[in-house]
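Chain order of the listed sequences is A and B. Residues in the first sequence are numbered consecutively from 1, following the working numbering. Residues in the second sequence are numbered consecutively from 1, following the working numbering.
Worth flagging that the hints you see were computed from the coordinates, not collected in a lab. It is possible that part of the hints are untrue.
[Claimed, not checked] Derived pair list, reagent style SDA-like, types lysine to any residue, alpha-carbon separation capped at 25 Å:
hint : chain 1 : residue 1 : chain 2 : residue 2
1    : A       : 149       : B       : 89
2    : B       : 200       : A       : 4
3    : A       : 53        : B       : 235
As the structure is a prediction and not an experimental result, all values here were calculated from the model.
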Amino acid sequence: MEKQSTLFTGIFGAFIFSCGAMVLLPSSQIGALQPQVTWDEGQNSPSDVYPVKLENALGHRPGQAVYVENGCFYCHTQQVRDPQYGPDMERGWGVRRTVARDHIFQSVPLLGSTRLGPDLTNFGSGTWRNEAADDKKAPAKRDAAWIYKHLYAPKSNFSDSNCPPYPYLFERKDVGGQPSPDAVAVEGNHQIVPTADARNLAKYLLSLNSSHELKESPTVIKPKEAKK
Amino acid sequence: MTTTQHTLLSTSLGTAAPSKQPTKPAASAPSPAKSAAPQQVTQRDIENVERALIDQSARGPVLTFFTTGIFWLLVSVVLGFIASKKLHVPEYHSSHSWMTYGRVWPAYTTALIYGWCSLAGMGVATWLIGRLTRVAIQAPGILQWGAWFWNAGVAAGVITILGGYNSGLEYFEMHPAAKLCMFIGFLLIGVWGLILFRYKRTAAPYISVSYLVAAFLLFPLFFGSAAALGSNTSMTGVMKNVVNAWYQGGLFNLWFGCIGIAAAYYFIPKVINRPVYSYNLANIGFWSWVFLGGLTAMTKLSGGPVPAYLVTISVAASILLIIPIVTLTTNFVRTMKGHTANMAYSPTLRFVFVGTIFFSIAASLNVLSALRSVDSYTHFTPWAHGQVHAMVLGFFSMVMFGAIYYITPRLVGCEWLSRTFIKLHFLGTAYGGATIIALFLISGVFMGFTLNEPAAVEQPSGTAIWNFFNVPQNAGFCNAVKTYIGYFFFGIAQFIFAIHFLFMRLRIGQPAGEPTLFANPGEAH
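Isolated chain B (complex conformation) (with noise of 0.2 Å):
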């Protein structure tokens, strides 16, 4: 088991050209071969150099894109759970504006998205750059740079909405002033990450590398245009809210989609040791999914004051979703097939693979909420927000734990301290994680049926009570669940992940070269 975790897959991922351009050594680097003695030195053992170093030369801002990011998530799980609780106790701390939940959810879906997520994409797509390339990361302190501009504009972002500024679009609340930091930020990252694929020394470009492309090259291009279009004094009126939903549709499916597809072609190829599947199959998954994910996001205005065909693009967009849905899952799943058994020991290949299961479930809810039948019994409801967690929740994060799991000990020199904590962590968030998407969905339906209810209803005390008001009890149950349950052992999970990954910070943790898994695979099945 420890072997095929460290075996570089060569089917898959190309086959070595050692002879080609020596890589800088890293000084701190650890160089097992040193001590073979020279004349037993085996391809194996040169590839395996060469992989330390190339992982010592992402080292720096890789750790800091997930330092950062795990900060963010702990900011994002104590917005999220206060503001979940707003919603059964409006009360809760109601004179600090602050606490308003207008300005708390907002804080929280920013630290979230824009924090968690984007950082930790980052650092996962920083670290395979190097690994698919097959070359040192070049000048990583542009990428680190990037890193601290990015996470400045995050920080102004969240501290001006939790003071009371907000730009009126959903998803895309910053101050300008902290989208153009960002910006500057993804600029240094996402163009130097392009640059770097350049330095590319393998003979085909894996299938994570199109996914990983395609995310830096489209991410700032809705960005940049969402942002320059958002803060436009001469655009006024719909513009704004259809270019607000065309960018959500191009963060969501092409930002975090991509970036997390490529993670999961990477690591489960990777740790049961076994090529992907169908290379077809992948092929035409990322095309239909590049193609149609930046279409599909008008459904959320259906009904409104928008042409009408740009809902019925959407609409039909989200429909042929089916296909990359179909090709992507399928893929997964026969790549898995007869390897199902190694989630019991390896932590990475249980987060990633869940997230991919959620993955299908996020992607079908948007096929499903695309169907005018459905829509009308969700739309206006936290249904919308259900979508929305289980993009990023159940999908993204989960797949990017399983990457840091699998990363930071090739960073750090040690491994994982335990096993219980990776355990805990995993029940917290995959658990904790689908009762916050799966009340968000139930409440919304709930909703939605009262809100489709125009008559008043007879009441047992024979006065007519308007149905809506009824709203807030039918909810209030799902919302006492969500905030008790669902974002409170979701949040402890996460405190417990950080609390690890700063002791792996610290270099605190198991002996290097033995990974940490969930039971050594004498011990247990």
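Only chain A is shown next, with the shape it has when bound in the complex (with noise of 0.2 Å):
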């Protein structure tokens, strides 16, 4: 009976301290962090308020949902890691490293785990970028159509992509005159144009931006530099 109590408390006491390190100890500290507000001195009313909390009631936008269903994080991560950790930086995935902050109003952070594909944290940012900073292949603009492109035929955007199509995201309709703006291809009457479920993706893609300064992180790369 004694050896069993000892062996009962030994294994509490080892899920304790674990929990206690492990999750109650980050969770003092990062549970409850506040948005970085900051103060127009004159109008004593906040200017700058960062990060904003999502319009949407489920605390994420309708494209996460689409993003998450359909597993996007398995293969592109949303975290930008310091210069010390690796180039992602240099690759053009972001001016400064991700920190707890940025992540406060997301129900469930897409970190990923598993960079099968780009990192996507700043994807919507403008600077973003998947190749070298000079590389003349690269595409104009990564904007909504650039995205259903990706999503319809990853290859035609770039022929070694490793991502795989999507083409339940899309439908077939009738051209009817003029075909949409957004149609991925025209075939004789018909055309194939997004779903309500790509739009909303392309539409939370866009919106992914991490780059907005903040007094613990530090802008590594200034955004001009990214750029060019």
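Bring the two chains, given one by one in their own frames, into a single complex with the hints.
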């Protein structure tokens, strides 16, 4: 009996130690982070708040659900690391490392753990790139139309892409006059246009931007420098 | 050889106290002693009858665990093949939404981890509880119900993942309702399993008991708190990821680790009929494993948006894992010393001992990838998948197969039909599994080198191509070999095993009494 109580106490002790160090301690530290508020002295009101609470009551944009449902986060991470950990910033994925405060309003941050595709933390920032800064083959703009092409036939944007195509996010419709500007393909009287899911997903991807300045994570690469 | 397989190792498993509390005889229990004349009954006969009765009491739930577990094993090898193929043929059946990589991969890991591994583990644990406490399993119906709840939860989880639900948390993707169903199932199994330990009638607890108690106590704590916090809407931000990483440590190290080690500590001494080499080492190994196992998981968040000390703790704990690795490996190898030849005969011993070697490899990979210099080449690559597969395919599944080869004949009343089937199963599992693990690791290192290369590389054609884009080709060859050799042969072996197990359930096999060995001791060697 003596022996058994030692066993139970020891195992519970191990659990409490692990839970305390790995869950409770960090929770007390980053569990209640607030957005960074910059005060405008003259007007006595906040001039700038980051990050901004999302409009949706669910805590995420509708496109994020499409991103999660199709498991995009198994290949695309959403975290930019400090230069000492890897060349994330040199690759053009961000201008500073991401920190806990970037994610405070996300119900489940999609940090990801594998980079079979590029990091998407700042995909919508306008300066995001995934090719050498001077690569002439780089697309002029990664906008919704580019995303639709990527989703429908990834190899049409980049011939070596390893991304699976998502034809089920598109539907066949009659052209009926002028083809839609979003159509990824026109076949006779039919055109392939993105569904509402694909549109939401594109909207979500274009909203991804964590390059706002934060005190605890100074900008390493100036936006101009990243753009050139 | 046949006698060694059947003898209870009384030195290490405690001595019997047959006078206490007669066990309720099961109607169908085979009783070898009946045929013997009463005056010839020896202590050994009594023990044999007792063991047969205890085995019979566990028959219902254990066979349910095994049968449903093997069903999920088949589901997972099919899904695993598809998921692996999607990596080098991304267009493969891409018009079906459920066939996209982002759904097949989590469905595969869920079926593998929660379907096959957990169910097989709970089946082996149930049978071990009966054997280790030397008391018949009381109210096995509770365990049966638990198994069905768990299965319903896994089925709901896998189907909703393929249908498009995902919690966004790796290795924990199931719908909250599926998690609740699994949790209810586990409470029925785990709580009842722990209560059953109270009925014990052995003098000293065997080391396997400690591991089983740890697994049954810790898993619901990890699973329950992770599920509760994961669906908690008031907790937002990276704490979700921190809790998930912490849970993965509990899942792989403490749940699979503890059950697998418990089984290895039971079957290796049992089959070679020799006590464990050192009890002190076993204890050091146990306590260091239980304390460190829950602390190592944050290395997967290194460099991420989490407090740095979390990663530091995990790196330290991972390096300290050397203690349990060395003690466990020493203990298994020294126990086997001079008896390795038995692996030529006993399927159980071959599977379990190779499984323990994979344990040493899997745990050493934990130590290795905690080192900053290694992590910088393996982070964000399939190397992490290789680590998980070394733990669940290499170590845990191998030990479970060995245990199932030992246990099933004692429950169904006949022996395995064909030694060729067992041989093929071993070859496919060991070499197919090793191929899968090795290629995850190798493609991880390949990818790591390219990921670490920021500069554009001048191509022969004169155009600068961003190096990152070369990753798919580098890994493509690895992935093709992984699919067509690794998953293919591993999968074929599992189908052979499933058919073999089905024959056992239908009582198609060799007559009871003589275990099916790879070779009869006289034949070879």
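Against the structure, the hints come out as follows:
Under the criterion of a C-alpha separation no larger than 25 Å, the hint pairing residue 149 of chain A with residue 89 of chain B is consistent with the structure, at around 19 Å. In summary, the hint linking residue 200 of chain B to residue 4 of chain A is supported, as the alpha carbons are separated by about 11 Å, within the 25 Å threshold. The straight-line distance between the Cα atoms of residue 53 of chain A and residue 235 of chain B is roughly 14 Å, inside the 25 Å bound, and the hint therefore holds.
Comparing the model with each numbered hint stated earlier shows that all of them hold.
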